[in-house]
Structures are given as structure tokens and as C-alpha cells.
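Trainee: Protein chains in written order, with numbering that gives the first Met the number 0: chain D, 0 to 283; chain W, 0 to 319; chain P, 0 to 245; chain A, 0 to 421.
The set of hints was computed from the structure by calculation and includes no laboratory data. All values derive from a computational prediction rather than experimental measurement. Even glycine gets a Cβ: it sits at the ideal position worked out from N, Cα and C. Check each hint, because a few of them may be wrong.
[What the hints assert, rightly or not] Derived CB-CB ranges, DEER-like:
1. P:15 <-> D:159: 22 to 30 Å
2. W:294 <-> A:416: 48 to 56 Å
3. P:183 <-> D:183: 41 to 49 Å
For reference, the chains in residue letters:
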Amino acid sequence: MQILAQQLVDGVLIGLVYSLLAIGLTLIWGVMNVLNFAHGEFLMIGMFLSYWLYTLAGVDPLFSIPLNAVALFLLGMFIYRFIISKVMTGPPLAQLVVTFGVSIFLANFAAFIWTPNYRFIGHTIFSGTWHLSGIILSVPKVISSVGSILTSGAVFWFLRHTRTGKAILAVEMDREAALIMGINTERINSLSFGIGSALVGVAGALLATHYYIYPFVGGTFGLICFCIVALGGFGSIEGAFIAGIIVGVVQTVGGYLFDPAYKVAIVFLMYLITVWIRPQGLRG
Amino acid sequence: MRNITGKQLIVGGAVLAVLIILPLLIPPFGQHVVILTLIFAMCGVAWNIMGGYAGMFSFGQAAFFGIGAYTSSFLLMTFNVSPWIGLVAGGILSSLMAAAIGYPCSKLRGHYFAIASIAFAEIVRIFFNNWEMVGAAEGLTIPMRQESLANFTFNSSKLPYCYIILAFVLFALAVCRLVSTSKMGYYFRAIKESHEVAQVLGVNVVRYRLYAIMISAFLTSMAGTFYAQYILYIDPASVMVLAISVQIVLVAMLGGANTVLGPVVGAAILIPLSEYSRAWLGYKGTGFDMIIYGVLITAISMYRPNGVWGALAGVVRREK
Amino acid sequence: MNASLLLDVQGASKYFGGLQANEDISFQVSGGQILSIIGPNGAGKSTLFNCITGFYRLDKGRVLFKGLDITNRKPHTIGKLGVARTFQIAQVISDMTVLENVMTGGFLRHVRVGDVRLKAEEVLAFTGLMAKGNYNAQALSVSDKKRLEVSMALAMEPELLMLDESMAGLTPVELRGMIELIHKVRERGITIIVVEHVMEAVMELSDWVIVLNSGRKIVEGSPKEVVADREVIRAYLGDRYDAVCP
Amino acid sequence: MKMRRVLMVSAVIAMALALCAGPGLAQEKVIKIGALYPLTGNLAATGMDCKRGVDLAVQIINGKYDLNLPFAKTEGIPDMGGAKLQIIYADTQGDPKNGLAEAERLITQEKCVALIGAYQSAVTKTASQAAERLKIPYVCSDSSSPTLTERGFKYFFRVSPHDGTMARNQFEFLKDLEKKTGQKVETIGLVYENTEFGANVGKQEKEYAKEFGYKVTADIAYPANSSDVSSEVGKLMAAKPDVIMHAAYITDAILFTKTFKDMNVVPKGFLNMAGYIESDYLPSVKADGDFILVRSTFALDLAKKKPLVGQVADLYKEKYKIEMGENTARSFAAPFVLADAISRAKSTAPEAIVKALEQTDIPGDQMIYPWQGIKFDPTTHQNIYAKAMLVQIQDQHYYTVWPWEAASRELVWPFPAWKDRK
């Protein structure tokens, strides 16, 4: 029972990190209908940024969050402006494939300049564990989850309460109508891509506190993120947030109760059953 | 485009003749590249039927590829059934699996379908990875048997493999052409445009989508069986992974989805490029070959979004 | 029972959440007639179309086609039975040529590609799109797209053709052409239901008009009767009618 | 127009296929050996470790060094007229189909007379199959799947111990431990990644646990490269085994170590492998790796008993600025074995090399491993002397602790609780 409760907590903790990753992805998907397969590689770059800041300048990953966000925001804008925007008017398949090219390039380029070696940030200001009535909480994981909640909340607030945010939501709902209303959809596209990438940058810094870092680490998170986004529903921020937690819990608790060998399969099966019943996802 | 002219026949025959003669002149590694190219050409043609024509962007073809590889190998190793029968059995099994997954997914389109197909393929992979009867994670090592066409085994030379897969590709192309010029092909393209339009035109969308998936699965599975007989070792990590599915999509897209020959051209560019860049640059361990590969995919998507062959075909259509 | 009764809608009702999109609508169409359905925006005209053609499920009521109950059948089944339709915004298959588009419709009744092509060419000659047979459907003007949509429907050899605002957005010249085409289609013995805003066309084409408002049928009759109906004029047509028929 | 299109197809295909011809260069006075490793992709870091091992071995064979290694003191192979070894590397990307293709390319195009490497057993399987078909000797010193030497191949030889031997050694250690200290172990928890490698290890461990009379209370196969391993560790915690045996590559090794610590998992001992001894492991987990036991064929502290090990390790460190590790050390063996066989065969003809390989008998003191020597079983071609030793991480270094006679430090047993440290 104790262990089951522990699994539940661990599931929520990893789920919240998934949520943050998925929100970035879903924002991009919702606004411009592009599935960014390079999302995991953006995360990898975020993690490496934190790593280098820590190694070369002694900056704790937690303090590299703002820098990460800005750097990834710029990277996202750059990639949108010079690559993604070029295929937006093309056939849908080209849009699906172009980000694959970017992802293969980024991972291997990272391996080229930083070597394929594995790295780990040993000691951050938060480490160790807390014990809460028998449940063990890993401090870096808790910090990551809190960071994820705060960031998600900030995104949520931004979208609902600022002019730009509302414009993004308007484009997400109806691109044509937004265009007629005088919203510069091109600007919104690149902004959303930037914001989506910045969120991954934040997630990268948070994960860097307790996760190994290497050029191909993106693959570990990429696939599950797509599943979460689709489960949450097309472009739905709340959907992605909730689906992230659900996937985290199902994976961890399901793996514990059933068989860890099938834990990813359980998540995918749950996804398939969900879209069978609700093709638009949970909140789509 | 509909009718094959005499001129086309001659040139087509010439291309074929080149393909038949060329393997005789090149070293085994070259033959291997030809074989691999043709395997992926076949998968690309198969993908094209469901993806290019019917608009279902499947990123889960590896499941069918793997089922084909596993079915024939399992039947061969357990019941000593000829791989040729396994080829058909695998195809049928793949088609049935395709129908079983295609039906619940019949409302999914675009990205949702893409992700659902990934999920399906991953479930199949994980299932095989834990299934003791088919070797689970250890995979199956197909014993080297007496060399003969009936055994689908050739130890001394790769040439027979070249010609068998060439015949497979021709078969797939014939199927694709037959489909694309018949009622089914028109209906697939209507479905790709929009389910509503297709329904109004009297198309049973669910059924025709299943046809597309099943034909595609059958052909992909044939390629899988061939792979197993050729490589003689299969495990879920090498025949059922996302990388295979992605490679198949890339081949079709870069060549030009929605054209019969596009995937063949795509494979002829992509596979030799990745094989030779690995052979020539890979030993340095810099990953330079993969960097080039990534850039190429990005560039083609940007500048030839209809694929290399698709762009040419487009030019031709406009000129008419 | 009228022997030539083709379509019989009985008490059709459709709700979206709490909203009544269609409430207890009944009407009948005889073979060879042209029926118009009019009403202000949001009156439920398109919903009714979608209910009859199987795109929406009816919550109450029945639809009989040639005496056969087609309520809530699948759209493609209804198409096969002889009901063809067009959409408010013309829907064509964009990566096909005009001829191929029409052929796609033709496959409903023919199997051999050669037969289908002959059928399609015949239809294109009939609708006047023959010259553009090799154009990419995407490249057509709005008017030609609508014409193409009608051609695709005709290739299905339907008994009932349902046109959803086929005349919206056309220039006066194009409008005349479309009206003529509809007349010609009727001469072939095909029954037609149109949803239309353009009153000029309604007046000229219709044998019978039904008026919807807020999901209910409020009046039906011959065009002249409907136009004369004060309630209709005042409440639902108002200045639009004045504009067309001064 | 159609004509032009068809011409384009032929042009594209012809171009693609023309590439297939490729360059085939031939040089004299060198003996070409092909080496397959995952040099790019997921396992690139490991592949590079292996490559460095091979490079160093070749450097020693070709150059003049005062080391008690075969051919160290002379340049090249004297019996072959001082011929030097040349390694042609090929990248497998960790994919079995590339293993096959590259092996064939190395043999037929690069004219390599023998092959080594592959690291991942799945890749070695297809690569050695190609070698067998083309009748070219294959000496493997870094793949551990037992099935490799169970296929009855004529051209395949393995220097390093396989998972079966190593699993057996692990249980022998547990028996020894009981004999020596009276510390009794009863239950075993197995956790392994569900890949060709992990599943094989798991299978062997289960068999030997049964043979040696231990109870397996947890048998957990899990997907490699997971983003989170809470459920796996949770299952282990529920089973509370005395000893945990974990088979994984480095990514999971790091993640499990962290999770074991966070969840305060304290069995009597960890008997792990592979990822736990890769060169990036200790720099990543630092002191958290302490007291974990890892099965190995090599450790730097062997130098105390065997000066040769220290000399080689110093040479390595001088060249690459990093410590020599297990993977490097294993891959280091194959070139010597081949050079030895070629020298005795006085020929590079495949049949002659195979014949010489079958008669290989390299004494233990000419190697950097704690084995009695290298001698291949006549039927399986597995090195009959190969076995594993156990190293324990202490103060962030690997120290040999078993077999007792090879130990350079006292074993710390049971595993000290996490909270009692520092």
C-alpha cells in the first residue's frame, strides 16, 4: 500500500514534467497545425545549455531557467522563420516531415560538437529527499514539478489575460477569422513557436537537475509527448496539462501493478482507447 | 498519364534492363545497397497507397514490416513452413491486424492518425518484445538452410536476393498502378480530400480506408518477410522500431507521395545516400553522415515539398 | 399517397445541446419538382440538409425516400440510393483534374474506367465544363467550382439533387447560367431541392417553397403564395425581397 | 514530356546505382582488419570507447614498446615480414542490418582478412553471419550473448566471457562470500532492460540462480531508456530481495542509481554490470556509485598484481587523457589474438588463420586480464579461460574484490545504507 502510494506520487511528479513538455508542443500544434518532431531535441538543447552554464560558469540549473527560456525562444523563432514557415503553405506531409529533418540534424550536430558522451549535473542547490509520512519525495523532482506548475500557470494566464495571448488563442480557434480581425497571424505563428520552445527550455533546466544529459536524450521524451498532446486534444493547454499527469500516473502505477515491460504499451493502449471513443481527445 | 505509350514502354524497359544488369557489375556492398533500396522502395510504394492516395499518414508501418518478418520466420523455424507460404501468411496476418486497428481509428485524420499509428506500432513492438514464443527481446536467428529458390535462401551470392526484391517491387508497383487508376484509387483520393466529399459521392469511407490500409499492410509485410530471409536475424529492436516507419515515410515523401513511381525515386536517393555516407564517413564517429541526412530531409521538405519526383510530375502536368 | 412522391420528411427534429436546430419539420417532394427551402441565416436549412443526407442523426422524425425509410442511414448509403448533394462552400477534390472529379462520382454506377470516363465526359458536356476537363479542380473559379460540384453529383445519376446555396456569390451572368443549368437538370427528370438566398432564382425556379425560421417550418406554398404571405415578408424576407423585386 | 520523365527516372536510378561501385583501394605490407562498432547514434560514446581500445592495441603491435604483450617489442609482425595491422572501421549505428552490410563491405570491398568487434550482440550476430558465409575469421572480444558461440560457427571466436559464464561467476561469488564470512544470501532480485542483451543476461541469471539454489523474488524486465523508473524500483522494494542484479546500459544505470538512492533501496548488495562500468558512469553519479559491485573483465587496480596493466593503462591515459575502462579493455584483446594467429599461420589466408586461431594459447601474463590465458574451445570457439571478476566501487574508483586472490581492496558487505554515508 505504502509503495503504491509512492508510485502514485512519483507518477504525478514525472507527469507534471510531461505536462510542461506537452504544453509547449500543443501550443505549436494548436496554433499552426504543425507537429514538431524536434521537440525532444529542443529539450536536449535546453538541458545542455543548463549543463554548460553549470560546468563553465557555475550557474545552478535552477537559475539558468530564464536564460534557457530566452535562448530557446530565439531558437524556436529562428527555426520557425527560416524553416517551418517555408513549408506552412505546402502539402501537409512536408510539414510532418520537415521537423524530422530538424530533429535528426540537431541530435547529431550536438553529438558532433559536444561528443556523444553522457553527462550529469552532480550537485545542485536542491538535492536529497523529503520524507512525508512514509512517502519519499525526491527534492529535485518536486522542484521540477513545482516549476512545471508555475510555468504552466504563467502560460495559462498569459494566454487569457494579455493581448498577445488572446490573439494566440484567437488564431488557434479560427485562423481565417483572426486574419480578418486584423491579427498578424505570421507574427503569432513565430511567437507561438518561440513560446512553445521556451517552455521546453524551462523543462530542460528543470530536468537537468536530476536527469542524465546526452545528445540523444530527446528520444526518451519525444514519443510520449506526442501521445500526451493527442490525448489532451488538439491544441488544448488544459488538456495537455491533465493528460501529462494522467500519463505519468498510468505509466508508473500501471508499470508497478502490471509489468514494467509493458508500461509504455499501457499508455499507448489507453491513448488508442480514448481516441476510439473520443476522436478529438480529452479536451479537443 | 493513363495509357502507357510505346515510348514509355521502351524507356521503362531500358530502366528495368539497367536494374537487371547493374547488380551483376557491382560488388556485394553495392548489391546490398540495391537490395536495401528496393526493400524501402517497396515499403514506400505500399505506404503511398494509404498515405499518398488515401491521406492516412501512417507512422506505424514498422508493425506490418515486423509482422511479415516474424510470421514467415516463426512458421519456418517452428513448423518448417516454406518462407514463400510464410510470405502470404504474413501478408494476410498483417492485413487482418491492419483491419483490426484501422476500424477503431476510422474517424482519425491527419496528425491524430499519425500518432495513433505510432501508438499501435509501439504496442505491437512491446508485445513482441515480451512474447517468449517468438524469442521475445532476443529475437529470432533464422538458420542458414540449403541454398535454393524454394527455400528462399541464397548463401553464395546476393544476386538472387536482388532479383527477388526487384520482382516484389514490380509487383507492388503493378498493384499501386492498378489501384490508382481504378475506382479504388479515385475513392482513396476523394477520402484524402475530405470524408464528407467522399461520403456524398457514395463512398463508404470506413470500408475504403480499410482497403487502403490492408493493401498497404500486405505489401509492407512482404518486404518484411524478404528482410528476414535476407538478414537472417530479426528482433523487435531492429524490425519494429519507429526508425523504420519514419524511413518509409521519408522515402515516400521525398520521392513524391501520390505518384506511383515517387517512392522508388525517393528510396533511390535516400537509401544509397545514407548507406554510402555511413560507409564513407561513419567510421570517423563524428555523425557527419547523419547531419547531412538531416539537412537533406529538411531541405527537400522546404524546397521540393511535393517530393523530387512529385515536383517533376507537377511540371509535366502544368505543361500539358 | 401520391404515386410520384419522392421524398417524405415527417416531423424531423434535431437538437444541438439545448438548441433546436430543426423542430418537427414535415414536407413532401414529388418526382420532377423543384422545391426551395428559404429562411434567414440560422433558420436550420443546412441542418435539415445534413439530416436528410445522413450527416447528422435525427433526434425525432423520419425521412422516406421513394417510400424507403432512410432515417439516419449512412451518407454513402443514401447517395447510393439516389440522393446527391452539394455543399454551401463548394467541395471538390483539389488534387484531381475536373474530369477526374466527375469520374469519382461516376464510379457509383459504373465499374469500368472506360465507361466512367464516357459518363463523365457526357456530364461535363451537359454542364458546359468540357473545355476545362483537364484543369486542376483547385484552379477553378468559384462559379466553375459550383458547376463542377453539380457535375460530380450528376455523374452519380441521382434521382434527387440537393443544392446548398449553389448560387451564392455568383455574378449576374453566372447566376443566369446556373439557373439555366438547374432547369436543364430538371428536364432530365431529376427532382431538385435547393436551399437558396437569392430570391430571383427562387422565384424563377421553384414549384414549391417552404420557409424556415428558428428551426420551424412557418409557411409553405407556391412561390407566389409565399411571397404574398405578409408574415413572411414582414418577419423573414423584409428588405431582401424588396431589393430583388421592386 | 513523358519521355523526359522516364529519362529522369533512369538518370536518378543510374546515378544512385553508380555510387554503388565505390572505391576499392589496395595497399601492401599491411594486414587489414575490419572493426565494427556503433560509432554514431545512441551508443556512440560506448562505441568510441571500444574504438580507442582497438587503436591502442594496434599502436602497440605496430610500434616498439617495452611491454610484455605479444608483438609489443617489435614493429609489426616479424613472421609476416614486419607487416603492420591496419584497422578499417565501420559504423553500425547499432543496427543489425548495418552490421551485416558493413561486415560484407569490409570483407569484399576493403579486403579485410578478419573482423573484430560490434559490441552489441545483436549486431555481432548478423556481422558474424556475413563473415561465416564469406569464410572470413571473426574474433569478438566485446559481445557477451551466449548464443553467439552456440551457433557452431567455424569462423567465429570469442575471447571475452559470455553472460552465462559471468552470471555463473556472480553466484559463485555469493557462495564464496557465504563460505568466507558466513553472510547468507537467499533471495535475488533481477532487473534487466528488455533488449537482446538484457533479456539474455536475465535468462542466464535465472538458470544459475536455480542451479545454485537461490530464490528469485523479483524478475523485472523493463523498457530501456525510460524517462522514469519508479515502477521498476517500486517492484524491487516490494520484493525486498537480498541482492539486486541489474543489467543495463549507461542511461538506465545512472537513472536507477539515483532512484535507488532517493527511494532508499538498501539490499545486502548490488551486483550490476555493463552501464555501471562505462567510462561516463562514475563521473555522472560520483559518490552515489560507491559500494556497488560490478562484474568486469578488467580493473585498473589489477596493476598491483600485474604491472603490465598499469603500463598499458598509463599509455592509454597519456594518449586519450581519460582512464581506461572495461569496454576499452575488452576490445583491446582482439587485435592481439588475431596478430598472434596470423603470425603463427604465416599467412593471411582465412583458412590458415582459423586453423591458427584454433590452436591459440596465449599465456595469462601476456594479457591485461586476470585470466589463465586464451585458448578456444574446439567446438564452440569460446575462450575456455575467460571469466569475470567482481569490482566494487569505493571512493569513486573500481577496485577488484573477487576472486579473493585478485582482490586489491577488502570487500564492503553488506551494502552500507545511503543515509549513513558522509
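Trainee: Are the hints correct? Go through all of them and say.
Mentor: Status of the hints after comparison with the structure:
no.	hint	in the structure
1	P:15 <-> D:159: 22 to 30 Å	holds, 26 Å
2	W:294 <-> A:416: 48 to 56 Å	holds, 52 Å
3	P:183 <-> D:183: 41 to 49 Å	holds, 47 Å
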